[in-house]
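Just so you know, the sequences run in chain order C and W. Residues in the first sequence are numbered from 1 upward in steps of one, following our numbering. Residues in the second sequence are numbered from 1 upward in steps of one, following our numbering.
Careful, some of the hints might be misleading.
Taking lysine-lysine and the DSS-like style, the derived pairs with C-alpha atoms no more than 25 angstroms apart in a straight line are [claimed, not checked]:
id, chain 1, residue 1, chain 2, residue 2
1, W, Lys170, W, Lys143
2, W, Lys142, W, Lys170
3, C, Lys81, W, Lys93
4, C, Lys31, C, Lys61
5, W, Lys67, C, Lys163
6, C, Lys163, W, Lys27
7, C, Lys163, W, Lys93
8, C, Lys72, W, Lys93
9, C, Lys102, C, Lys151
10, C, Lys102, W, Lys93
11, W, Lys27, W, Lys170
12, C, Lys81, C, Lys31
13, C, Lys61, C, Lys81
These are computed hints drawn from the structure, not numbers from a lab. Being a predicted model, the structure only gives us computed values, none of them experimental.
In case you want the letters, here they are:
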Amino acid sequence: MHAFLSVGSTRFDTLVSSAFQERFLSRLQRKGFHSLVVQCGNSAFDLADTVEDGEKLKLTKCGIEIEYWKFKPSLEEEYRKADLVISHAGSGTILDVLRRGKAMIVIPNPTLLDNHQEELASTLQSMGYLISTTVEDLPVVLDALDMTSIKTFPSFEGARFAKIVDEALGFI
Amino acid sequence: MLLLVLFITLVLVALSIAFRIYTVLPKQATRRTNARHKADTYSVAVFLGSGGHTTEAITLLSALDPKRYTHRTYLVSQGDTLSAQKAVDLEVKFGSTPQNYDILIIPRARQVHQPLIATPLGALQSLLACVRYITLAPLYNKKRPTFADVLILNGPGTSFVVCLAVYINKFFGLPAPVIIYVETFARVSSLSLSGKLIRPLADRFLVQWPAGTGGEKLSSKQWLV
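Chain C on its own, in the form it takes in the complex:
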């Protein structure tokens, strides 16, 4: 199986650092994963210098083949390839991943100015659509992970919004 770890458009130092640690990788391997892609963004971590100029690098640790880089114009391809997405709790990423029916673990970023990531993450967790945790607890959560227990997110219903706009313009 393949995992994708993403921090979005800003940075998340502790999450990216933990992705390269044995504590995390060994558990990932035990769960049956063989590869991991890490989108680092502008995070500061041990290997940050090596991808500074947009390089795409690879290394193998604890039986996991890791590929890491800063940004890509679109993450759609990465979401599609992944069996599990581990990410910051940005609403855009959450919608993108859940709409593709992928298992997701989110880690609200505690350093953001107005931390509403936390409430979205915990609400969606209570509804059973994803798992929300912290950087510290991530390895423990991986140990207990049962991807089949995650509920399927409802699909996009464009007609709802289309009706509102039609109404506002006096169509209906």
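Once you've looked at the hints, dock chain W against the given chain C.
Here is chain W on its own, set in the frame of chain C:
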């Protein structure tokens, strides 16, 4: 005596401006359906506020029939190439020609991690750009004499600035789009700052979580994005 006359004049001017603003604010009775001339096709404008805001805004726009909403204007913050790219991607999906859409760049009111104190100057820059696009440009454009029929906003801060520019149009009786604000999916139990600011100004104000304060409440499974 002169001072008194000046004072009374100022008060009268202030009062008439306040009255004008009051008359252009959305009224409860007209909030749901705005009496407008029926046309076959409409133009829609949207502000792409970067990150999750952009994802949601693009999702909302993807719901609109391109045969009815034939022209789209994307307002994108300076340097936000990801949002501009997402707009282009959507237009490709719609099978559009370059005549079907515009991407306009506005300076950012505030960036993530930037202190709140840096807001006023940046906001003024953004406002000037918005006034140029929304108020001034349509006056000289024979082909597109209105900015848009409907404007979709979902935050963050710059949305409010876009909204203010629309109110300048309303103030002077110029064509102005219907403003639809959709609070972001990220806001579960409270409104965002832009939501609070835009709430009295929007023609339709929608929240996506039932506990979210104010707005037209939708049930928990009634997400718009």
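Do the hints match the structure? See the list:
no.: 1; hint: Lys170/W / Lys143/W; in the structure: holds, 21 angstroms
no.: 2; hint: Lys142/W / Lys170/W; in the structure: holds, 20 angstroms
no.: 3; hint: Lys81/C / Lys93/W; in the structure: holds, 22 angstroms
no.: 4; hint: Lys31/C / Lys61/C; in the structure: holds, 15 angstroms
no.: 5; hint: Lys67/W / Lys163/C; in the structure: holds, 15 angstroms
no.: 6; hint: Lys163/C / Lys27/W; in the structure: holds, 21 angstroms
no.: 7; hint: Lys163/C / Lys93/W; in the structure: holds, 21 angstroms
no.: 8; hint: Lys72/C / Lys93/W; in the structure: holds, 20 angstroms
no.: 9; hint: Lys102/C / Lys151/C; in the structure: holds, 10 angstroms
no.: 10; hint: Lys102/C / Lys93/W; in the structure: holds, 23 angstroms
no.: 11; hint: Lys27/W / Lys170/W; in the structure: holds, 14 angstroms
no.: 12; hint: Lys81/C / Lys31/C; in the structure: holds, 17 angstroms
no.: 13; hint: Lys61/C / Lys81/C; in the structure: holds, 20 angstroms
The structure shown violates none of the earlier numbered hints.
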